[in-house]
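J.: Sequence:
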Amino acid sequence: MAGRERLRSSEIQLIQRVIDAYVAVRRDQALVKVYADQVTVLDQERRETEQRFAVRDVTRTDVAQAQGRLAAAQSQLATIEANLAISRAQYLDAVGQNPGDLAPEPRAAPSPRPDLDTTIGVAEQNSPVLRTARFTELASRAQVTEAKAEFNPSVGLQITGQRLPSSTLLPSPQIEAVTSALTLTQPLFSGGLRVSALRQARGAERQATSWRRTTPSGP
Numbered sequence: 001m002a003g004r005e006r007l008r009s010s011e012i013q014l015i016q017r018v019i020d021a022y023v024a025v026r027r028d029q030a031l032v033k034v035y036a037d038q039v040t041v042l043d044q045e046r047r048e049t050e051q052r053f054a055v056r057d058v059t060r061t062d063v064a065q066a067q068g069r070l071a072a073a074q075s076q077l078a079t080i081e082a083n084l085a086i087s088r089a090q091y092l093d094a095v096g097q098n099p100g101d102l103a104p105e106p107r108a109a110p111s112p113r114p115d116l117d118t119t120i121g122v123a124e125q126n127s128p129v130l131r132t133a134r135f136t137e138l139a140s141r142a143q144v145t146e147a148k149a150e151f152n153p154s155v156g157l158q159i160t161g162q163r164l165p166s167s168t169l170l171p172s173p174q175i176e177a178v179t180s181a182l183t184l185t186q187p188l189f190s191g192g193l194r195v196s197a198l199r200q201a202r203g204a205e206r207q208a209t210s211w212r213r214t215t216p217s218g219p
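The opening residue of the sequence shown carries number 1 in the numbering used here; numbering runs sequentially from there.
FYI, nobody ran anything at the bench for these hints, they're computed from the structure. Virtual Cβ for every residue (Gly too), placed ideally from N, Cα, C. It is possible that part of the hints are untrue.
With a Cα cut of at most 16 Å, we get these calculated EDC-like pairs of lysine to aspartate or glutamate [stated by the list, open to error]: (1) 148 x 205; (2) 33 x 101; (3) 33 x 93.
Ranges between beta-carbon positions, derived for each pair [as the list claims (entries may be wrong)]: (4) 212 x 187: 45 to 51 Å; (5) 111 x 8: 56 to 62 Å; (6) 81 x 14: 26 to 32 Å; (7) 96 x 192: 49 to 55 Å; (8) 1 x 148: 39 to 45 Å; (9) 8 x 95: 19 to 25 Å; (10) 11 x 106: 45 to 51 Å; (11) 160 x 13: 37 to 43 Å.
Sequences and hints are given; from them, build the entire structure.
T.: See the structure below:
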């Protein structure tokens with residue numbers, strides 16, 4: 001059960017990665033268009049300023065300022081294009097194929113807004129992280145019980161039944177035999193192996209219950 005919850009957690013993380021990559025690609029594509037338009041406008045402004053400087057309508061400082069604004073916009077555009085390349089690579093890593101013409105994000109459906117206590121309760125009940133912690137705690141308790149049981153005696157019962165002819169050559173009465181054996185085993189010396197196993201199980205139990213100290217309430 002803890003393994004199933006870890007699988008749920010991995011599925012949620014994968015879905016979040018896909019959504020983040022999808023939105024990042026669309027965001028950076030829009031930003032590239034905005035900054036490219038800005039570079040076009042500033043380049044046109046630079047050319048007009050240089051033409052006005054040729055007829056002594058503006059100063060050299062005005063030309064330098066126009067060129068500086070264009071260079072800054074081109075640098076920002078290069079940064080955004082690099083971010084878009086990174087976003088596309090992250091999309092490829094999460095989805096398995098390069099992004100094509102991505103459709104706009106669907107509008108989120110309206111949902112009721114419960115009170116805070118109800119929201120926290122639903123989250124604690126369905127969180128795969130907390131459910132994994134609960135199942136891991138139950139497993140650790142079972143391991144402690146199993147380690148303790150190694151100190152107790154064990155009882156074994158074996159019953160064997162046979163039915164054979166008294167002679168292999170002539171018809172003869174059958175011989176029936178039932179044998180039973182009861183065995184009691186008590187561990188006397190293990191060289192500290194059982195004690196070590198119990199300590200290890202208790203340590204795993206303490207680690208498995210540490211999540212209770214970091215959450216508002218336990219199960």
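J.: All hints are to be evaluated individually against the structure, with a verdict given for each.
T.: The hints, checked one at a time:
Between residue 148 and residue 205 the CA atoms are separated by roughly 13 Å; this keeps the pair inside 16 Å, and the hint holds. A threshold of 16 Å between alpha carbons decides the hint, and for residue 33 with residue 101 the separation of about 15 Å falls inside it, so the pair holds. Distance restraint check for residue 33 and residue 93: the Cα-Cα separation of roughly 24 Å exceeds the 16 Å cut-off, and the hinted pair is therefore not satisfied. For residue 212 paired with residue 187, a C-beta distance near 34 Å fails the hint of 45 to 51 Å.
Roughly 21 Å separates the CB atoms of residue 111 and residue 8, a value that falls outside the hinted 56 to 62 Å. Hint check: residue 81 to residue 14, Cβ distance near 28 Å, so the stated range 26 to 32 Å holds. For residue 96 and residue 192, the Cβ-Cβ distance of about 52 Å falls inside the hinted range of 49 to 55 Å, so the restraint holds. Between residue 1 and residue 148, the C-beta spacing of about 23 Å breaks the proposed range 39 to 45 Å.
One distance hint, 19 to 25 Å for the beta-carbon pair residue 8 and residue 95, holds here, with the actual separation near 20 Å. In this structure the supplied range 45 to 51 Å is violated for residue 11 paired with residue 106, their Cβ-Cβ distance being about 20 Å. Separation of residue 160 from residue 13 is about 57 Å and departs from the stated range, judged on CB atoms against 37 to 43 Å.
In summary, the structure is inconsistent with hints 3, 4, 5, 8, 10 and 11 from the numbered list given earlier, while agreeing with the others.
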